[in-house]
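Colleague: These are the residues of each chain, in order.
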Amino acid sequence: MQNKTLDQDYPNKSLMQAESGPDRQEASDAAIDKEFFIRSVFQTDVEKGYDLLFCHYYTPLCSHAVRYVYSREVAEDIVSEVFMAFWKKAAHIHITTSFRAYLFMSVRNKCLTYLRWEFKNEIAEELSDTTLVSMHMEPDKLVEFDELYQRIVKIVDGLPPQNQKVFLMSRFNGMSYQQIADKLQISRKAVEAHISKALGELRRALGSNH
Amino acid sequence: MQGPCGPETYYQNKKMKPELTKYIVFSYFSGDATPLQKEMVLKWLEDARNVELYFTWLEEWEKMHIQFQPDPAEALMKVKAKLRDEEQPALTPELLPTRRISRKMVLLWAAACLFLMSFAAFWQRELLIYRTYHTAFGEQTRFRLADGSTVLLNANSTLKVPRWGFGKSTRHVFLDGEAEFSVQHTHDHQYFKVHNADRSLITVLGTEFVVYTRARKTSVVLNKGKVEISSPAGDQPLTMLPGDRATVEKSGQIIIEKLSDEKLAEHSAWTEHRLVFDDTPLYEVARRIHELFGVEVKINGKELAARTATGSFPAKNADELLSILSYMYDFEIKKAENKVILIPNR
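Protein sequence lines correspond, in order, to chains L and Y.
In terms of my numbering, the first sequence opens at residue 10 and continues consecutively.
In terms of my numbering, the second sequence opens at residue 477 and continues consecutively.
Calculated directly from the structure, the hints in this document are not laboratory data.
A few of these clues could be false.
Not everything, but these chain L residues come out facing chain Y in the computed CB check (under 10 Å) [unchecked claim]:
#1 F46
#2 D60
#3 F63
#4 T68
#5 E85
#6 I102
#7 I104
#8 E156
#9 M184
#10 Y186
#11 Q187
#12 A190
#13 D191
Cut-off 27 Å, straight-line C-alpha distance, at most; resulting in silico cross-link-like pairs (BS3-like, lysine-lysine) [as the list claims (entries may be wrong)]:
#14 K43(L) x K554(Y)
#15 K792(Y) x K163(L)
#16 K43(L) x K774(Y)
#17 K43(L) x K778(Y)
#18 K556(Y) x K150(L)
#19 K150(L) x K174(L)
#20 K539(Y) x K150(L)
#21 K192(L) x K206(L)
#22 K174(L) x K539(Y)
#23 K57(L) x K539(Y)
#24 K558(Y) x K97(L)
#25 K514(Y) x K97(L)
#26 K539(Y) x K163(L)
#27 K700(Y) x K97(L)
#28 K554(Y) x K150(L)
#29 K556(Y) x K98(L)
#30 K98(L) x K558(Y)
#31 K558(Y) x K150(L)
Ideal Cβ positions, reconstructed from N, Cα and C, are used throughout, including at glycine.
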């Protein structure tokens, strides 16, 4: 099971490499160039630019979203929704930030809306993405977002092993309670208990600050 | 509380305008930063330029710490399908019906106009509004319209041209029969419109073309320039290029096909008092003779009727044409009143 890919402890080696000397600058330059290249394609062929944008950012955005929502399916849905909104609003014309910043911000906002809806049963008020983006671009908001997913990581990481396992199987892999029960050879009731405990933890932790 | 980052870096960064190493930001992303480092990141972000760098690094960090591997290509396909789906239902309930109604209205108006026009045409007013050119059987007339365009009207054909305002505000003519138009291009690019017997419409700027519009069908052959053809049933006007022939079916459907040079010549042969046939069955030839010369031709025997004629024939009158054909196909011509019967020789 490769569920526990969430890295509290990042691979130090690769970080050190990225840190050392010109490599670091090169990597960032490449990222900037990529963005620049996609922008230039948008100017000549919007659809092609969109395809490129999608393929380039889909995976990292999903990876980012899943840190908040802990469900592979929800993460992909959120990222797809962001891209759909991008297309419908012809965001490439309007946005003043980089596409990257816009996309990451939109994904974060949607994740937050989702979490509010899920854990606080609030009627999620969806602000239009552009206002949200400009609103949450302030440094403390950015940091808040970072702290949010980090808090979630800590909560999930702090769950007892079996509890965590069940939670990830259900949320991340989207397995049904029965499937999990069969797989772990426990009762369905036990699965339900695990899930509600894990969700309770999350709700408590998220509710305290939001 | 000493993070992975050494104290030296920290002090260096503190002194200068906050500039962070990617290392610190990465450990911050991973949730490993010390409170002091977090504070640094916050300060660093206050410079708006760093916000973009923050996202660049966030992307890079995510790529190094991918949580799961989705399939972007598949997701893109789904998103595109959704966008397409959404576009349609969004359009159908709101936009299309209104458009449909307005199109219907336009059609209604068009029908009303046509009705009024044909109504007017039935009454004496027609004489007032239109100048009518008519050719008798076997007769051809060439004339020039007020705008400088010339028309060669084939036998048994009628062309109506508005008496007033022609060439000034509009250039509409109404044709029933066959004509060759040579339309003069005007300075103000005014359209020349030919309304055919079946209500199909040819829109022209300046060009040469031949129209055949009679009860059984309408066909347009374009020699030069560019014209547009539309019919009440077809939704969009079709554009013809030189050498094209457009046929308007009874259903209103328009078929455009490219003609070979020979075929092209066939369609304007009548302008030189000739008829060109290319594997044309005799019953077709008979019909043609009827149209042009008002002579009803009856063919005795299916075999003879199905034989085909090929070639260019002089066609000043029905007699001349028929006598040549009788020689070629070995039939006798029997004349009755306004009727000719072809009887195969045994």
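Colleague: A separate judgement is required for each hint: does it hold in the structure or not?
Modeller: Hint check results:
Residue-level restraint check for F46(L) is violated (minimum Cβ-Cβ distance to chain Y is 14 Å; threshold 10 Å). Because the beta carbon of D60(L) sits about 6 Å from the nearest beta carbon in chain Y, less than 10 Å, this interface hint is met. For F63(L), the shortest C-beta to C-beta distance to chain Y is roughly 5 Å, which falls under 10 Å, so the interface hint holds. Using the Cβ-Cβ criterion of 10 Å, the hint placing T68(L) at the interface with chain Y is satisfied: the shortest such distance is roughly 6 Å.
A cut of 10 Å between beta carbons decides the hint on E85(L): the least distance to chain Y is about 6 Å, and the hint holds. Proximity of I102(L) to chain Y is violated relative to the hint, the smallest CB-CB distance being about 17 Å (cut-off 10 Å). Because the beta carbon of I104(L) sits about 12 Å from the nearest beta carbon in chain Y, more than 10 Å, this interface hint is broken. A hinted interface residue such as E156(L) counts as satisfied when its beta carbon comes closer than 10 Å to some beta carbon of chain Y; here the least separation is about 8 Å, so the hint holds.
Restraint check, M184(L) versus chain Y: the minimum CB separation of about 14 Å is more than 10 Å; hint violated. Hint on Y186(L) is violated. Least Cβ distance to chain Y is approximately 21 Å, over the 10 Å limit. The restraint placing Q187(L) at the interface with chain Y is violated, with a minimum CB-CB distance near 23 Å, outside the 10 Å limit. For A190(L), the interface hint is violated, since its Cβ never comes within 10 Å of a Cβ in chain Y; the closest pair sits about 23 Å apart.
Annotation: D191(L) was flagged as interfacial toward chain Y, and the flag is violated, the nearest CB pair being 23 Å apart, outside 10 Å. Between K43(L) and K554(Y), the direct Cα distance comes to roughly 24 Å. Compliance with the 27 Å bound is thereby established for this hinted pair. Among the hinted pairs, K792(Y) with K163(L) is inconsistent with the structure: their alpha-carbon atoms are about 101 Å apart, more than 27 Å. Pair hint K43(L) plus K774(Y) does not hold up; C-alpha atoms about 79 Å apart against a cutoff of 27 Å.
Restraint check: the Cα-Cα separation between K43(L) and K778(Y) comes to about 76 Å, which exceeds 27 Å; the hinted pair is violated. The hinted pair formed by K556(Y) and K150(L) fails the criterion: a straight-line CA distance of about 32 Å is larger than 27 Å. Pair hint K150(L) plus K174(L) does not hold up; C-alpha atoms about 32 Å apart against a cutoff of 27 Å. For the suggested pair K539(Y) and K150(L), the alpha carbons sit about 23 Å apart, so the restraint of at most 27 Å is met.
For the hint pairing K192(L) with K206(L), the CA-to-CA distance comes to about 19 Å; that is within 27 Å, so the pair holds. Simply put, K174(L) and K539(Y) have alpha-carbon atoms about 25 Å apart, close enough for the 27 Å limit, and the pair holds. A distance of roughly 23 Å separates the Cα atoms of K57(L) and K539(Y); the hinted pair therefore holds under the 27 Å criterion. About 11 Å separates the Cα atoms of K558(Y) and K97(L), which keeps this hinted pair within 27 Å; it holds.
Using a Cα cut-off of 27 Å, the hinted pair K514(Y) and K97(L) is violated, with the two alpha carbons roughly 37 Å apart. Distance check on the hinted pair: K539(Y) and K163(L) sit about 21 Å apart at the alpha-carbon level, within 27 Å; holds. Taken as a hint, the K700(Y) and K97(L) pair is broken in the structure, with Cα atoms around 45 Å apart against an allowance of 27 Å. Between the alpha carbons of K554(Y) and K150(L) the distance comes to roughly 32 Å, so the proposed pair goes past 27 Å and is violated.
For a cut-off of 27 Å, the pair hint linking K556(Y) to K98(L) stands: about 14 Å separates their Cα positions. Distance check on the hinted pair: K98(L) and K558(Y) sit about 15 Å apart at the alpha-carbon level, within 27 Å; holds. Taken as a hint, the K558(Y) and K150(L) pair is broken in the structure, with Cα atoms around 32 Å apart against an allowance of 27 Å.
The structure shown violates the earlier hints numbered 1, 6, 7, 9, 10, 11, 12, 13, 15, 16, 17, 18, 19, 25, 27, 28 and 31.
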